[in-house]
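Colleague: Chains A and B, in that order, are what the protein sequence lines are.
Going by this note's numbering, the first residue of the first sequence is number 1, and it counts up by one from there.
Going by this note's numbering, the first residue of the second sequence is number 1, and it counts up by one from there.
By construction, these hints were calculated from the structure, which means they are not laboratory data.
None of these values were measured; they are calculated from a predicted model.
All C-beta atoms in this analysis are idealised placements derived from N, C-alpha and C, irrespective of residue type, glycine included.
Heads up, some of the hints might be wrong.
[Unchecked claim] The calculated lysine to aspartate or glutamate pairs, modelled on DMTMM-like cross-linking and capped at a C-alpha distance of 20 Å, are:
1. A/Lys239 to B/Glu530
2. A/Lys279 to B/Asp369
3. A/Lys21 to B/Glu530
4. B/Lys300 to A/Glu290
5. B/Lys149 to A/Glu37
6. B/Lys117 to A/Glu290
7. B/Lys149 to A/Glu32
8. A/Lys239 to B/Glu382
9. A/Lys197 to A/Glu122
10. B/Lys121 to A/Asp36
11. A/Lys190 to B/Asp369
12. B/Lys419 to A/Asp36
13. B/Lys170 to B/Glu190
14. B/Lys170 to A/Glu152
15. A/Lys209 to B/Asp369
16. B/Lys149 to A/Asp36
17. B/Lys419 to A/Asp60
18. A/Lys279 to B/Glu382
19. A/Lys239 to B/Glu47
20. A/Lys190 to B/Glu193
21. B/Lys149 to B/Asp398
22. B/Lys406 to B/Glu47
23. A/Lys197 to A/Glu184
24. A/Lys190 to B/Glu382
[Said to hold, decoys possible] Over the 12 Å line for every Cβ pair with chain A, so calculated as not near, a few chain B residues:
25. Ser134
26. Gly258
27. Glu442
28. Arg496
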Amino acid sequence: MKPMLSMVPPDPTTLNPRDLKQLHFLMQRFRELSSDERYTLIQLMTMSSADFLDQWFETDVLKATMSASGIIGTFLGIRSPGTAYVLLHHYMGEIDGAFRSWGFSRGGTGAISNAIAAAAREAGVEIRTKAPVGKIVVKNGRAAGVMLQSGEEITANVISSSVDPHLTFEKFLEPSQLPSDFLEGVRRYKFRGSSGKVNIALSALPEFKSIPGDGAHLRGAISISPSMEYMERAYDDAKYGHYSRRPYIDMVIPSLTDPSVAPPGKHVLSCFVQYAPYKLAEGTWDDQREAFGDNVIETIAEYAPNIKDIIIGRQILTPLDLEREFGLTQGNIFQGELSLEQLFFLRPVAGQPGDSQGMEETGGTAAIERSKFFESACGDECSL
Amino acid sequence: MPIGQRVVFIGGGHNALIAAFYLAKGGFKPLVLERREFVGGGAITEEFHPGFKVSALAHTLGPLRSDVARDLRVENFNCEIIRPDPRVFAPTSGGQALLFYDDHAKTAGGIARFSAKDAAKYTEFAASLSKISSVFAQLCAITPPSIGKPSPEDLWNLLKTGRGVRGLGKHGIFDLLRWGPMAVADFVAEFFETELLRAVIAARGIFGTALGPWSAGSTAVLLLRAAADANPAGSATFSRGGLGAFTHALAEAARQAGVEIRTNTEVQHIRIKNGAAIGVVLADGEEIAVEAVVSGVDPKRTFFQLMDPSQLDPTFALRIRNIRANGNVAKVNFALNELPSFPALAGTVGPDGFRQALSGRIHIGPEIDYLERAFDASKYGEFSAAPFLDITIPSLLDPTLAPAGKHVLSTYVQFAPYKLREGSWSTRGKDLGATVMKTIAEYAPNFPNLVEATQVITPHDLETKYGFTGGQIFHGELALDQLFTMRPVLDWARYRTPIHGLFLCGSGTHPGNGLTGASGANAAREIIRELR
């Protein structure tokens, strides 16, 4: 699967030799797999993470915890077909050559972004912060630059957008500037944010009933995913517009590995929470934020009863906050559902403008020429 | 193998009868062995209460794939096909209703009362569906290709299908790629805003499966079904005398072609020697020696009950074991002393239209989330208190099924999981019957007073009485990972098995699904090729 992640997805509808060659390469690779590998791969691309794991294991809490990787950032349950792919996706990364591993960086994840920025600056990139873009300037059907919200205009021949398709095409451009087919595809692209983040400042370490005291068990990820039924019911709540009464929580205490993030003896508890549906059946996220946070703490308290006594402060980020403050439409952390119908050559839109054939065939009032405009990133599935 | 050789079929369901017919036409001597006293498998008629006959399980026909229909000509064998129009009546509990006709414009007229936008879109949708599903129809007619060593036939089939796909145009191809893995709830929402309309169309993607409308892959199932009949509401035809008349006609056509059929004959096991099937052993001890055995029963039963699984390659056995075949559907049949009245019809047709409107299928499942909640219950080993029902009242167009003035109401109930968390189906079947009665009463208030008798067929009954392992009526879940080259398992999706001379021809093979005869016809083609 790894080569596919770094490919520019070929267009499956064309007879263009370059795309055909890539499709042929993929088909050959598939055929070169052993029967067992093919069987497993097809299963991983189509099954639910729960059904897939049922074939391997019998222990409920083990399956529940592993299947959780299959629903991160999605609006799907562990029994939903297509989540085995997401499970695979989360196991495909690597750090320092160690395949399938995850880790912390000193100073938090921000240190990674800063390191990338430093490397970029060293290579000659100019980076301006506090410079929000207002719109993309289009002249004669070509992207000609951007205008900041301040009114400052910056001309450019090439614009590369790494924000999601909704923002790029619907906020920074006018509908009349895009072919109607393409715009329809953008509008159909599903976001469906389903997660929230609760960051808690603690005066001491949480004491877990199951393994009291400090230890190695607190230095990795702590997963509240006690059973497959628990995980599935958490999803059911969200389907009907409620945050999970008993959510899946993935927590880390980075201060144990990196004391620089908290005062001595104190700690940070960072909690990723699912599910928190962007669209609520009743009320708004502004009304429900505190109750959502309380519910997360109530849930943690069932496993670590001292939690309420040691809370110094908390930050609650709902899907609405993720949208407003971090530019993630509907709070979806992958800039769009990782669902089978919008992956690879269907992401973000089938027949995207990166394909010159696509642009020539679609009409629209103002075709945007491929050579001057790239949609270069779509969350985790980079197309460049 | 010389022509004229005897071929034994295990099970006399519709696919086996059709496959046997083709083998006979191909010069072989098929012998069909059916455990029960009459053939038919899931397409049978039972007198479930004195004077009342019903299609006990399946209550509407496929329809048969056109070439199979042409070859077998069931209408020459005492099988009259009845085609109700409207096909589907779908009420809401609030008294509104939609009727789905053969004529799309007529259906759109009714939709207009809910939404002018949806009415305008309906005919366009029907056309899109017809176009895309025609590609699926091509896929249903071919043998899934061998991935490792594609034969010239495989390449030709892929080329033909590829041309069919390209004929859809760029837009159509991308639609096909997008829709296949989609959840039906998202699919119908791309076209329509009316909940009831969405729910009726979406239901075709979940019937008989362990999928809810929000499950990925349900659109692929819908497209698979649309390949047989592209009307968005699906087909509603049945045979006079119940579906038993249909399978009896298949049996007659088969007999006339040279097939021998023995009923009340149970196969105990398949005798295997040196990796080859050399005969079958019957329950009464009789042994029949043959060089070719075709199983029309489901793959799990074939490999784990009809033989010693230690005879199988461990990888193959593991893959068969991994097949998900837990049924999620039950059937309830009622004998009624009168036709129930549905108040929701009053706003849609005049009183003289009531009988006609009830003559096709009646869909109870007014919203997408209603269907999803019914599905939710099954995930936790329960049946829903508000189930999705697919109902017919066949006695309206076929009075032979009930005494004069009385009626039969036949309903599929979803979702009813094979594994219950509390209790067992032997004790809880009547609860299910009661739930169904209560649900119908919400749409036809006088219904409970009309019931003379109830027959509940639970997933457990589907297994023990009717021979469907796990109560799975399609011999294996219809899910993305169990279709086409993965049906029944990867590398063995071409009707052959690792046991030399043993073949499969039932729903557990490609394309599976309803009473189209495609699995049987495809299997026959491959078996003849292999045996010649």
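Colleague: Run every hint past the structure and note whether it holds.
Modeller: Each hint tested on the structure:
no.	hint	verdict
1	A/Lys239 to B/Glu530	50 Å, violated
2	A/Lys279 to B/Asp369	15 Å, holds
3	A/Lys21 to B/Glu530	35 Å, violated
4	B/Lys300 to A/Glu290	52 Å, violated
5	B/Lys149 to A/Glu37	16 Å, holds
6	B/Lys117 to A/Glu290	41 Å, violated
7	B/Lys149 to A/Glu32	11 Å, holds
8	A/Lys239 to B/Glu382	19 Å, holds
9	A/Lys197 to A/Glu122	33 Å, violated
10	B/Lys121 to A/Asp36	45 Å, violated
11	A/Lys190 to B/Asp369	19 Å, holds
12	B/Lys419 to A/Asp36	30 Å, violated
13	B/Lys170 to B/Glu190	18 Å, holds
14	B/Lys170 to A/Glu152	40 Å, violated
15	A/Lys209 to B/Asp369	39 Å, violated
16	B/Lys149 to A/Asp36	16 Å, holds
17	B/Lys419 to A/Asp60	17 Å, holds
18	A/Lys279 to B/Glu382	28 Å, violated
19	A/Lys239 to B/Glu47	43 Å, violated
20	A/Lys190 to B/Glu193	17 Å, holds
21	B/Lys149 to B/Asp398	51 Å, violated
22	B/Lys406 to B/Glu47	14 Å, holds
23	A/Lys197 to A/Glu184	32 Å, violated
24	A/Lys190 to B/Glu382	31 Å, violated
25	Ser134	17 Å, holds
26	Gly258	39 Å, holds
27	Glu442	21 Å, holds
28	Arg496	15 Å, holds
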